[in-house]
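Could you slot chain W onto chain H? The hints should help.
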Amino acid sequence: MAELMKQKMALSELTDLYWLKQEYFSNEEQKIILNKGDELTKQGTLNDKMFFVASGRASGFYRPEIGEEFRVFSTGANMIVGIYSFFSHDNRSYTTVRAEEDSIVYFIQKNQLPDKNTIEYHQFLAHMLPVIVNEIYLRQMLMISSVSEKENVLKKLFESEKLATLGQLAAGLAHELNNAASVIQSKTTWITDHMKDYMEEKDSKGLFPYFLKSLENGQEQSSKEIRSRKQKIQELLQIRESAAKKLARMNLTDQEIESIGIKENTQIIDRLGNYWDAGLALHDINVAATHTTHVVQSIKELGAMDRKNAQSFNLRTSIQKATSLLSDVLKNLEISIDVDHTMTYFGKEGEFVQIWVNLIKNAAESLNSQHLAEPEIRIAASTRKKMLNVLISDNGPGIDKETREKIFQPNYTTKVHGLSFGLGLGLSIVQKIVASYEGEIFVKCQDGWTSFIVELPKK
Amino acid sequence: MLNSLKNKNMERLYIICVEDQKEVLNIIAEQLSYFEEHVSIEECETADEAFELLENLDSKGGKVAVVVSDHVMPGTSGVDFLVKIRSDDRFESVKKILLTGQATHMDTIAAINEAKIDNYIEKPWKEHELIAKVSDLLTQFIIESGIDYEPYVEVLNKQTLFDLLKVR
Chain H
3 MAELMKQKMA LSELTDLYWL KQEYFSNEEQ KIILNKGDEL TKQGTLNDKM FFVASGRASG
63 FYRPEIGEEF RVFSTGANMI VGIYSFFSHD NRSYTTVRAE EDSIVYFIQK NQLPDKNTIE
123 YHQFLAHMLP VIVNEIYLRQ MLMISSVSEK ENVLKKLFES EKLATLGQLA AGLAHELNNA
183 ASVIQSKTTW ITDHMKDYME EKDSKGLFPY FLKSLENGQE QSSKEIRSRK QKIQELLQIR
243 ESAAKKLARM NLTDQEIESI GIKENTQIID RLGNYWDAGL ALHDINVAAT HTTHVVQSIK
303 ELGAMDRKNA QSFNLRTSIQ KATSLLSDVL KNLEISIDVD HTMTYFGKEG EFVQIWVNLI
363 KNAAESLNSQ HLAEPEIRIA ASTRKKMLNV LISDNGPGID KETREKIFQP NYTTKVHGLS
423 FGLGLGLSIV QKIVASYEGE IFVKCQDGWT SFIVELPKK
Chain W
7 MLNSLKNKNM ERLYIICVED QKEVLNIIAE QLSYFEEHVS IEECETADEA FELLENLDSK
67 GGKVAVVVSD HVMPGTSGVD FLVKIRSDDR FESVKKILLT GQATHMDTIA AINEAKIDNY
127 IEKPWKEHEL IAKVSDLLTQ FIIESGIDYE PYVEVLNKQT LFDLLKVR
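Just so you know, the sequences run in chain order H and W. Quick note on numbering: this note's numbering labels position 168 of the first sequence as 170, and the sequence is numbered without any gaps. Quick note on numbering: this note's numbering labels position 94 of the second sequence as 100, and the sequence is numbered without any gaps.
Check each hint, because a few of them may be wrong.
[Said to hold, decoys possible] With a Cα cut of at most 27 Å, we get these calculated BS3-like pairs of lysine-lysine:
#1 H:LYS434 / H:LYS158
#2 W:LYS132 / H:LYS189
#3 H:LYS189 / W:LYS129
#4 H:LYS33 / H:LYS112
#5 H:LYS226 / W:LYS90
#6 W:LYS164 / W:LYS69
#7 H:LYS189 / H:LYS33
#8 W:LYS69 / H:LYS234
#9 W:LYS66 / H:LYS234
Please keep in mind that the hints were generated in silico from the structure rather than gathered at the bench. Remember, it's a predicted structure, so these values are computed and weren't measured experimentally.
The shape of chain H in the complex, shown without the other chains:
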């Protein structure tokens, strides 16, 4: 609209408005002083006047048969209003023109125009023509911009509907998979426990510890380490490559390797390998089952977000719910919650638990990825002015500037190692929830602490 205004002004400069003003719009008897809100013309009624706005501002409003009135044009000082009804056949205003601020306008009436065949009349027309052309041009532009605006709105609507459908689909899928995932998870635990007992019972050659080792730790060494270890073992024991590889993967001590060599028992390598492989297989199944359950659960939580009602809840309790959900990843970390028992907030508690879970989980994962002497997470809440601030900090490796900029985008993830990768949705969900409470979230790295600050308006 501002762009259109500018063009109108530019054109007005070209036309000799000064002349029109002098000749036609300066009669003090045809001057109207308008207060803000006064109407100049009314939509659909007869109008035989054309107005020159000398100062102030007047705008035209159109009221459709159904729906709210909206602004069609806006006219400032040194501009002309009422051109359409003045020249049109039916002499009716198509908008209601109203003063948007106190204004002064001059008008002429149709019957004041000079006779059609006079020079004066042609002079008038010659000066009016650019104004009329400008008017037509403006309406055209307005049409185009409103059509393209409508297109955009429709497109957005379509996209949000698509997203909503996708969300429903995901929630349905998660619901269906949830049972299957739970069964796999719990039965894996069950079979692992039973296999443990069984293997221990059957073991007469002291191989059970190797089953336990791979079950608990999985494959600890990298493929590179295994390769160089394999070569060493092959040289040491002069055995087949495949057997050497088996031993290499088990991460045995030199002493253990030598004792196998002394026994010169090729069978023992196979048997040892079987114990170790069985443990590793169960370990990997456990990792995969846990991961499946996590993914399914986070999708389910997404779908369930809107179901509970908003009410006042205890902040500290909501944070404790989050930490208890995360007890598994928090077990080796020092965690302190400095939140007053009396603090409450109004909202959907489930959404807040989800915010804390995501932020605390991120902190814990960044701590667990490093071998720190004293890994620690600090959670603190404070009220300042009309804001509630919740701070979740960790003394982990921190987040570089480049990552900090992208961190809230959906699908952005840094977790690409092993089976623990995330969905890349966590922080974008957190941000969405925080925004729905008209709050904000920041990330700060200072003095060895990485902090996520959730700032919420106190209602």
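Structure of chain W alone, referenced to chain H:
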């Protein structure tokens, strides 16, 4: 000991698998152990590690017959890695399989056009499917490189072998 006897007339051949998730890498290696008595199976967790190994084996006179690579990995991606192999004269004849569940349309196009991959396997895959494809490509590699196929015949694809020999 059987192997070392055979080795006298055998070229040292390798199959390299690349996959960043250890659990999945284990599965690939476990399935490819079908070839273990005839060909060495090497496992790598990154593309860079695999390329280093390729160069290392090449400098010692070893021949890498087939590379099976995952696509989405931290660092160099599977497609970029295979393109790198393709554009290196030393590894021109290496057969390449892309094993992935996440490649986009563009990735696949690049893999075919630039890396000239020989096969594409989608995750999750079936064990016999992987073995069949590797066996087929191993056979092609052996014949194309003019290596005596007889010591390997047990793990080669008989039909492919027959077709290739017929042409000669």
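Checking one constraint from the list: CA of H:LYS189 to CA of H:LYS33, max 27 Å. Satisfied?
Measuring from Cα to Cα gives roughly 90 Å; hence the hint is violated.
Against the 27 Å threshold, does the CA-CA distance of W:LYS132 and H:LYS189 hold or violate the hint?
holds, 24 Å
Checking one constraint from the list: CA of W:LYS66 to CA of H:LYS234, max 27 Å. Satisfied?
holds, 17 Å
Proposed proximity, W:LYS90 with H:LYS226 (alpha carbon, max 27 Å):
Holds, at about 21 Å.
Does H:LYS434 pair with H:LYS158 here, judged by a C-alpha cut-off of 27 Å?
Holds - the C-alpha atoms of H:LYS158 and H:LYS434 are around 17 Å apart, at most 27 Å.
Do the alpha carbons of H:LYS189 and W:LYS129 lie within 27 Å of each other, as the hint requires?
The given pair, whose Cα atoms are some 25 Å apart, holds under the 27 Å limit.
Distance restraint between H:LYS33 and H:LYS112, which requires alpha-carbon spacing of 27 Å or less
The given pair, whose Cα atoms are some 16 Å apart, holds under the 27 Å limit.
For W:LYS69 and H:LYS234, compute the direct alpha-carbon distance and say whether it is at most 27 Å.
holds, 21 Å
Below or equal to 27 Å on CA atoms is what counts here, so check W:LYS164 against W:LYS69.
The given pair, whose Cα atoms are some 22 Å apart, holds under the 27 Å limit.
Checked against the numbered hints above, the structure violates only hint 7.
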